[in-house]
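Enquirer: Here are the chains, one letter per residue:
Protein chains: 2
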Amino acid sequence: MSHKPYKGFEPKWVMELAPEGSYRSIFRWGDPNFFKVPKESLYRMMKEVFEMTDEDFREYSDDIGWDQVELSGYPVRLDREHIDALREIVGEEGVSTADYDRLAVAYGFTAYDVLRLRHKVIDSLPDVVLYPDTTEQVERIVAYADANDIPLYVYGGGSSVTRGVEPVKGGISLDMRKRFNKVISFNEIDQTITVQAGMSGPDLEKTLQSAPELFGAKRPYTCGHFPQSFEYSSVGGWTVTRGSGQNSTYYGCISDIVLSQKYATPIGTIKTSHYPREACGPDLNQIMMGSEGTFGVLTEVTLKVFRWMPENRRRFSYIFKTWDDAMKAAREMMQHECGFSSVFRLSDQEETNMMLRLYNVDDTPLYPLLDKLGYKDMERCLFLGFTDGEKGYSRNVARNIAKIARRYGGFPLTGYVTKSWEKGRFNDPYLRDTLMDFGITTDTLECTVNWSNMEQVHQDVRKICHALPNTVVTTHMSHCYPQGANLYFIFLTRMQDEKEFKAYHSTILDAIQRSGASISHHHGIGKMFAPWLEGYIGEKEYGVFKVLKNYFDPKYNMNPGGTIGLDLKPEEKISDRRYTDYAEQPKKD
Amino acid sequence: MSHKPYKGFEPKWVMELAPEGSYRSIFRWGDPNFFKVPKESLYRMMKEVFEMTDEDFREYSDDIGWDQVELSGYPVRLDREHIDALREIVGEEGVSTADYDRLAVAYGFTAYDVLRLRHKVIDSLPDVVLYPDTTEQVERIVAYADANDIPLYVYGGGSSVTRGVEPVKGGISLDMRKRFNKVISFNEIDQTITVQAGMSGPDLEKTLQSAPELFGAKRPYTCGHFPQSFEYSSVGGWTVTRGSGQNSTYYGCISDIVLSQKYATPIGTIKTSHYPREACGPDLNQIMMGSEGTFGVLTEVTLKVFRWMPENRRRFSYIFKTWDDAMKAAREMMQHECGFSSVFRLSDQEETNMMLRLYNVDDTPLYPLLDKLGYKDMERCLFLGFTDGEKGYSRNVARNIAKIARRYGGFPLTGYVTKSWEKGRFNDPYLRDTLMDFGITTDTLECTVNWSNMEQVHQDVRKICHALPNTVVTTHMSHCYPQGANLYFIFLTRMQDEKEFKAYHSTILDAIQRSGASISHHHGIGKMFAPWLEGYIGEKEYGVFKVLKNYFDPKYNMNPGGTIGLDLKPEEKISDRRYTDYAEQPKKD
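In order, the protein sequences belong to chains A and B.
With my numbering applied, the first sequence closes on residue 1239, and no number is skipped along the way.
With my numbering applied, the second sequence closes on residue 1239, and no number is skipped along the way.
Because the hints were derived from the structure by calculation, they are not lab data.
You may find that some hints are simply not true.
Put simply, identical chains are the same to the list, so a pair is met inside one copy or across any two.
In silico EDC-like cross-links for lysine to aspartate or glutamate, where the CA-CA straight-line distance does not exceed 20 Å [claimed, not checked]:
no. : residue 1 : residue 2
1   : LYS828    : ASP1110
2   : LYS1238   : GLU1105
3   : LYS868    : ASP975
4   : LYS1219   : ASP1147
5   : LYS1041   : GLU987
6   : LYS978    : GLU1040
7   : LYS868    : GLU987
8   : LYS654    : ASP712
9   : LYS1041   : GLU982
10  : LYS832    : GLU786
Remember, predicted model here, so these are calculated numbers, not experimental data.
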């Protein structure tokens, strides 16, 4: 990928395909042939913030991972007989004990993972990687692992940011990407599709948008689920972690989109109901979602699908004078009952400052005007999005958003900014590797907040972040509801040591938890957030998860080693810090 | 209530206030001062269908329940010391062991309950009735019942049609209506209200619509939850049974409307999350909803509320030539992504025949025209509803419904029919008592169905019903979703014996189950549907409910005696009959 040439000094960004078999080919995000570098104004800004000079960008300051993966000291500890038995189940091409294949499924994509891979820190490794092909194979593998007490992990799209996939106890990792990715059935009457859990986001979307050719359908469809990790995410990962896509305000989170699930568990196959609603006891679909592989392996998912109607999309962007104005406008839009926008994203003052550069608004004649109009830098907040749905619906939502934005002093910025954002929406993560080569690490944390506590959480978390050394923290609100929204924090810091970074990450997560927000809106818990979970939910409430675990996986072989905290020792847990009592939140403006 | 005089013979309907302390004052539905009788054309129709003459209506053919409740042979079996201890908790006015008070909370409102009360069949009775006032009192009662192994039941609004409230093992019944019905807090920023679980539907709605006066709110609100049992239902009952209101297609079912819950359980207080979505393990809110009192007693509920904007409501009604046309139109409306109608009700051919009389369309000049226009009696299907929400949203939904109805041959019938339906929507149940006095019993069953299986379920269930003696079965579709809808069966039969009726009811429920529908969309399971539940859900799946029960209530004192099947013996369960595999349903028109 070419980019706009710098006028001044430009660092020697890594713009080469990583060698096959190298560490970089594992830890680098996304398409190996796609590269993204910061534009010059962003580069200048970063130097300023982190007190760096061009000198700091003359040499890579971190390992760029060009070496071949060759592991010594990490022998396969699983007995030969087990590997033979597993080969019996999945066939010759379904098994690997090669170093590269083992390391390739050992980590997810949180910065802690990437830093460890850059520094060749191998904390975890499966003994064997399996590539199952059918549900029956997965069911047999689960039964075998359970019978022989072998830890079992699942690698879906690989984009976990919670150490959810990390095989901390070795054993088996199922790599679902290669073969467990097929359509099982498509039902146009009900508007559903049933797929194997390893199907990737892009494969699913391509399938649905090609429904007329593939299934003789009347029209193309969409799943409506587009997380930022879209390209390297899987249907199974979305489901077991309770993910959300960037368009969730209209299409719903995955917990709304999933109609039915099938799991291979140590006690056998579990199949949930396929009705849109029922009154038949606790909701099993909502019990299995969020289990993150600890109850068993998700094999098949039936998803609701929507009509693909991009022609009805209406893009909008507005700038507000303050975060307070913008927040109030956003709340009014969500409570107005005019329908919901598909993408709905409101940046706070710091993120707006960065976004206007990232999306090239600083190159337009509008940029200098904003200050003059009273929309001041580091106060103003950018709001953007687009609507979906039937034509009249989409138009009505956009009209009401315009009306409410005006009422709260919003200044319309046309669809230009939104289009720029759309172009970057899935490739911003590519920037991360480029920056990490020079010692700047970036990661994200997010949480759900009720409207009545929004200002408090935003203030508290930023305050903690600003007290940390060399930190930029930008925040946006997305995934909105009438009763609250997700707050999403992106932080950049000059830091390379993985242990130091882990402590840093913990400080922010802790601040979120203490501020009265939920620990996670859509990233899940994994092994990284697990120490906080019991304290967050409450001891007796958390006990529910434990009895479910004991029922499905009494021998603790499914994703063991701390996932959602189930097998953590008491001393590994963060002491009880309950979320604010809802009754104590403000009730009136 | 007066009514249009009959031209011919009119039965001596019971139009008098039932005596205080009488059986009738317990089993009769609703407001003691409100009466409803069938209009003459409906009376004629019934005589025809059931092969009855005016002679059959000269005398009441069933006990009309005028006698005083005086029980002998039903002593209080709970030890004096327990009653004293409970009095200590709730105070003098919080306890009763009077016959009438005990019987008043012993049954719900399924026809089996009413027939038993008419015939003075006392199968169940609590030993003591408590009227708690505070959450703390309920928590202490639960702890006491658990410590002393006393069965504990809850009576909310009293309108259970599944024997959910029946204290089959005696012990304590909590009558929540009297005192456990207060607002705890109202949060206008988040648009939520927190109430005690015993609050009734009308009290909640009155509170929300008076929010400006009561809480100094900016505007009035609504909960949007209006089950047909509205007047005699409670927030707690809605929640623990997973109820749905008639406006659920827009506002959602109670499982969408509830934000947070608090329970008093034998292991202590359980509080669920108050965030609109999160990714923190299995969803505890969806685990507790559907527990129907078997995990503990629901004490407090936080509900999402909506803006009260009746001025935006758009009423519509259409008539279709056939059920097939109508069903296809309904599906298209639900999948069109133009927003959702609030009330959305489609009657099949038999119900249409009755509805047109019930709602006086047979008195209009339109009626004879319909046949001429090709909308033939016993083929045509009535579709009605109204839209809610912001003005533009409401209009857009109504416009699209009109467009789609036209495309499928729907003939517009104006808002007249819908208004008639609205007038009767909560008082149709009053007809039941009037008819039962003359030996005609009516009851309802309902289920969820995917669109692809809709025709099959409708056919199968009607076939079974038509094979039963003296039966009218009318069906409507309501509570609709893009992936399916609720099918609601109302059946009328000339039958008085409670045992005979129970067997009859079972036959229909069994037919529903075998047809591939869910057992219940919104009535819940209770003790009446419980024998089918494990077979329906699957043994391993049902095991989840059992481990949850063992966790919350290891001594089985909470709503014991078969509720959601938890303490049924194997021989009390219906042998395994699984729902149709989803994969086997049709996929294309």
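Enquirer: With reference to the structure, classify each hint as holding or not holding.
Expert: Results of checking the hints against the structure:
no.: 1; hint: LYS828 with ASP1110; result: neither (44 Å within a copy, 44 Å between copies)
no.: 2; hint: LYS1238 with GLU1105; result: within (13 Å within a copy, 50 Å between copies)
no.: 3; hint: LYS868 with ASP975; result: between (45 Å within a copy, 18 Å between copies)
no.: 4; hint: LYS1219 with ASP1147; result: neither (26 Å within a copy, 60 Å between copies)
no.: 5; hint: LYS1041 with GLU987; result: both (17 Å within a copy, 9 Å between copies)
no.: 6; hint: LYS978 with GLU1040; result: between (27 Å within a copy, 18 Å between copies)
no.: 7; hint: LYS868 with GLU987; result: between (31 Å within a copy, 16 Å between copies)
no.: 8; hint: LYS654 with ASP712; result: neither (25 Å within a copy, 89 Å between copies)
no.: 9; hint: LYS1041 with GLU982; result: between (22 Å within a copy, 15 Å between copies)
no.: 10; hint: LYS832 with GLU786; result: within (14 Å within a copy, 54 Å between copies)
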